Amino acid sequence: MTDKAEINAESAGSPRLGEEMNATELDLWFVREVLPLEATLLQYLHHHWRDQSEVADLCQDVYVRVYERAREELPDPVRPFVFAVARNLLIDRLRHEQVIPIEAVSDVDALGVAMDEPGPDRTVAARDALRRVMDALERLPPRSRDVVVARQLDGLSRRQIAERMGISEETVKWHLATGMNALADLFYGGSGEPRRRK
Amino acid sequence: MTPEEQALIDIAGAVRAKAAEWLARRESEEWDDATKANFDAWLAQSFAHRVAFLRVENAWAQTHRLSVLRKPFAPATPPAKRPWRGPARIAAVVAIAVGLGAVAMLYPIKSQDQVFRTPLGGRETITLNDGSTIELNTDTVLRARITSDSRQLWLDKGEAFFKVQHDARHPFEVMAGDHRITDIGTQFTVRRDGERLKVSLLEGSVRFDAPAQSGTKPVYLKRGDELVASAEKISVRTLSAVQTSRELGWRRGMLFFDNTPLADAAAEFKRYNAKKIVVADASAGRRIIGANFATNNIELFARMARAVLGLHVQEGADAIVISTTARHAKDQGR
Numbered sequence: 001m002t003d004k005a006e007i008n009a010e011s012a013g014s015p016r017l018g019e020e021m022n023a024t025e026l027d028l029w030f031v032r033e034v035l036p037l038e039a040t041l042l043q044y045l046h047h048h049w050r051d052q053s054e055v056a057d058l059c060q061d062v063y064v065r066v067y068e069r070a071r072e073e074l075p076d077p078v079r080p081f082v083f084a085v086a087r088n089l090l091i092d093r094l095r096h097e098q099v100i101p102i103e104a105v106s107d108v109d110a111l112g113v114a115m116d117e118p119g120p121d122r123t124v125a126a127r128d129a130l131r132r133v134m135d136a137l138e139r140l141p142p143r144s145r146d147v148v149v150a151r152q153l154d155g156l157s158r159r160q161i162a163e164r165m166g167i168s169e170e171t172v173k174w175h176l177a178t179g180m181n182a183l184a185d186l187f188y189g190g191s192g193e194p195r196r197r198k
Numbered sequence: 001m002t003p004e005e006q007a008l009i010d011i012a013g014a015v016r017a018k019a020a021e022w023l024a025r026r027e028s029e030e031w032d033d034a035t036k037a038n039f040d041a042w043l044a045q046s047f048a049h050r051v052a053f054l055r056v057e058n059a060w061a062q063t064h065r066l067s068v069l070r071k072p073f074a075p076a077t078p079p080a081k082r083p084w085r086g087p088a089r090i091a092a093v094v095a096i097a098v099g100l101g102a103v104a105m106l107y108p109i110k111s112q113d114q115v116f117r118t119p120l121g122g123r124e125t126i127t128l129n130d131g132s133t134i135e136l137n138t139d140t141v142l143r144a145r146i147t148s149d150s151r152q153l154w155l156d157k158g159e160a161f162f163k164v165q166h167d168a169r170h171p172f173e174v175m176a177g178d179h180r181i182t183d184i185g186t187q188f189t190v191r192r193d194g195e196r197l198k199v200s201l202l203e204g205s206v207r208f209d210a211p212a213q214s215g216t217k218p219v220y221l222k223r224g225d226e227l228v229a230s231a232e233k234i235s236v237r238t239l240s241a242v243q244t245s246r247e248l249g250w251r252r253g254m255l256f257f258d259n260t261p262l263a264d265a266a267a268e269f270k271r272y273n274a275k276k277i278v279v280a281d282a283s284a285g286r287r288i289i290g291a292n293f294a295t296n297n298i299e300l301f302a303r304m305a306r307a308v309l310g311l312h313v314q315e316g317a318d319a320i321v322i323s324t325t326a327r328h329a330k331d332q333g334r
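So the sequence lines, in the order shown, correspond to chains A and B. So that you can map any letter, position 121 of the first sequence is 121 in the numbering used here, and since no number is skipped, the others follow by simple counting. So that you can map any letter, position 146 of the second sequence is 146 in the numbering used here, and since no number is skipped, the others follow by simple counting.
The hints are simulated quantities; they were obtained by calculation from the structure and are not laboratory data. Wrong hints could be hidden among the right ones.
Said to hold, decoys possible - Residues of chain B clear of chain A, computed beta-carbon distances all greater than 12 Å:
1. Lys18
2. Glu21
3. Ser46
4. His49
5. Ala61
6. His64
7. Glu195
8. Ala212
9. Ser214
10. Glu247
11. Asp264
12. Met304
13. Ala307
Stated by the list, open to error - Okay, derived cross-link-like pairs now, PhoX-like style, lysine-lysine, Cα gap no bigger than 20 Å in a straight line:
14. B:Lys36 x A:Lys173
15. B:Lys217 x A:Lys173
16. B:Lys217 x B:Lys198
17. B:Lys36 x B:Lys18
Remember, predicted model here, so these are calculated numbers, not experimental data. The beta carbon of each residue, even a glycine, is placed where N, CA and C say it ideally should be.
Start from the sequences, fold in the hints, and give me the full structure.
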């Protein structure tokens with residue numbers, strides 16, 4: 001009752017996922033089951049990896065491994081599977097680095113704890129999607145936010161946005177891409193600044 | 001390029017940036033067959049690409065949730081037929097038969113006013129014996145006097161939607177202050193804000209009489225007309241079906257704003273909520289919004305102001321202060 005507008009938004013905000021890429025069952029599964037775990041996954045990686053600048057890479061690598069393995073059979077339950085993949089990835093990386101820092105090893109041994117917690121991710125993701133989108137939008141760089149709002153909410157074309165903001169169409173596209181990228185980090189990564197590579 | 005080389009390039013930041021760039025091109029209407037083919041090739045190159053694109057595209061799709069808030073309202077099926085959500089109360093039935101012909105006359109006829117009230121944020125539907133329905137909006141007082149000869153109602157304050165079973169022999173009249181609205185087979189809304197009176201026609205027509213001493217002739221309103229009467233003047237304009245439906249959004253517990261100044265929207269919320277939205281400076285008040293909200297969802301409204309308009313929002317216990325900058329909020333005081 002309180003959130004009627006939100007409920008409408010929930011039901012009507014149908015993602016046009018895969019419009020251009022023939023999304024498969026696997027793709028939809030990935031979006032539905034794996035992406036919502038990102039905030040927790042990042043916490044986990046931050047906690048267990050020394051070089052924080054590599055966390056976004058690790059996260060992406062976890063996704064690729066999960067996606068690859070899920071081609072054979074969709075894992076169920078998903079959460080322990082994803083964190084097991086993350087754990088193995090960290091171990092592989094440590095081996096690869098050859099010099100194994102002692103504290104890193106002990107950390108890896110302790111990883112089990114985080115894996116088994118029943119996370120609130122899914123329900124939170126479904127219920128608060130609109131709020132999280134707003135949060136993400138609020139934290140975008142101002143120019144990117146303006147472009148995103150003009151495109152997505154006002155439905156303006158790239159040319160119209162360029163005219164309105166007095167910038168070139170190429171710049172509009174750049175702001176749009178930057179905004180989209182940051183939105184993904186903010187939306188899936190949860191609280192905290194968008195992570196940037198050094 | 002070997003897979004190993006590809007893997008070296010596939011550092012997350014670069015791949016994700018590239019995925020966002022493809023998406024931005026698609027959203028920039030820069031999407032011909034050649035581009036599409038390049039995109040497909042890129043997508044097929046590695047799972048890293050596919051995964052990164054899925055991620056950014058889905059996050060982007062989530063922002064559609066916001067666009068829904070601003071989607072123009074399409075008038076649906078006649079709203080009166082919609083089952084009410086929540087505690088739908090079909091309230092008191094006004095006694096005395098009208099339209100039942102001679103039989104009705106057998107009843108003892110006693111003129112008696114009935115009073116209907118709704119609290120702040122409330123809403124109620126009244127069904128009369130003749131099948132007419134009246135929907136009361138927030139903070140409204142309506143008195144009804146139904147006799148064998150006439151159906152008279154007084155809107156003492158607030159807003160009501162009337163769906164009248166027309167009966168020429170038993171005119172249906174709504175008094176609002178010194179003004180009188182007489183039904184000629186219709187659905188209409190009457191809203192009072194102090195001295196200001198607004199009459200909107202959804203169907204049929206009504207006759208509007210200003211007080212006799214004003215010397216104004218009766219005004220006949222037809223479908224889509226909206227009459228606004230203030231102490232000084234009376235004006236009529238014609239609304240589109242969509243605009244009319246928007247104005248009636250409250251019947252479903254919704255407020256629809258389209259090209260509405262923030263200050264006006266805040267004033268609308270005030271009608272439904274004890275918690276106030278204060279627009280601290282004129283510049284913020286002039287910002288235009290287009291969105292729809294549940295009448296009681298001021299929290300979402302405040303978030304929109306912050307997220308979409310980039311305004312400063314300060315939430316207190318009994319008020320939400322919206323301003324251009326934090327400094328304006330301070331100046332405003334509270």
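Against chain A, does Asp264 of chain B hold up as non-interface, every C-beta pair farther apart than 12 Å? holds (18 Å)
Non-interface claim for Ser46 of chain B, where every Cβ of chain A lies beyond 12 Å: violated (8 Å)
Per the stated criterion, does the least C-beta distance between His49 of chain B and chain A lie above 12 Å, as a non-interface residue requires? For His49 of chain B, whose nearest Cβ neighbour in chain A is about 9 Å away, the distance does not exceed 12 Å, so it is violated.
Straight-line alpha-carbon gap Lys217 of chain B to Lys173 of chain A, limit 20 Å: violated (59 Å)
Could you let me know if the closest chain A CB is still more than 12 Å away from the CB of Ala212 of chain B? Holds, since 44 Å exceeds 12 Å.
Per the stated criterion, does the least C-beta distance between Glu21 of chain B and chain A lie above 12 Å, as a non-interface residue requires? violated (5 Å)
Need the status of pair Lys36 of chain B, Lys18 of chain B: alpha-carbon distance at most 20 Å? Holds: Lys36 of chain B and Lys18 of chain B sit about 14 Å apart, inside 20 Å.
Run the distance test for Lys36 of chain B versus Lys173 of chain A: straight-line Cα separation, threshold 20 Å. Holds - the C-alpha atoms of Lys173 of chain A and Lys36 of chain B are around 17 Å apart, at most 20 Å.
Against chain A, does Met304 of chain B hold up as non-interface, every C-beta pair farther apart than 12 Å? violated (7 Å)
Against chain A, does Glu195 of chain B hold up as non-interface, every C-beta pair farther apart than 12 Å? holds (32 Å)
Any Cβ of chain A at or closer than 12 Å to Lys18 of chain B, or is the non-interface label fine? Not fine: 9 Å to the nearest Cβ puts Lys18 of chain B too close to chain A.
Taking only the CA atoms, is the gap from Lys217 of chain B to Lys198 of chain B under or equal to 20 Å? Holds, at roughly 17 Å.
In summary, the structure is inconsistent with hints 1, 2, 3, 4, 5, 6, 12, 13 and 15 from the numbered list given earlier, while agreeing with the others.
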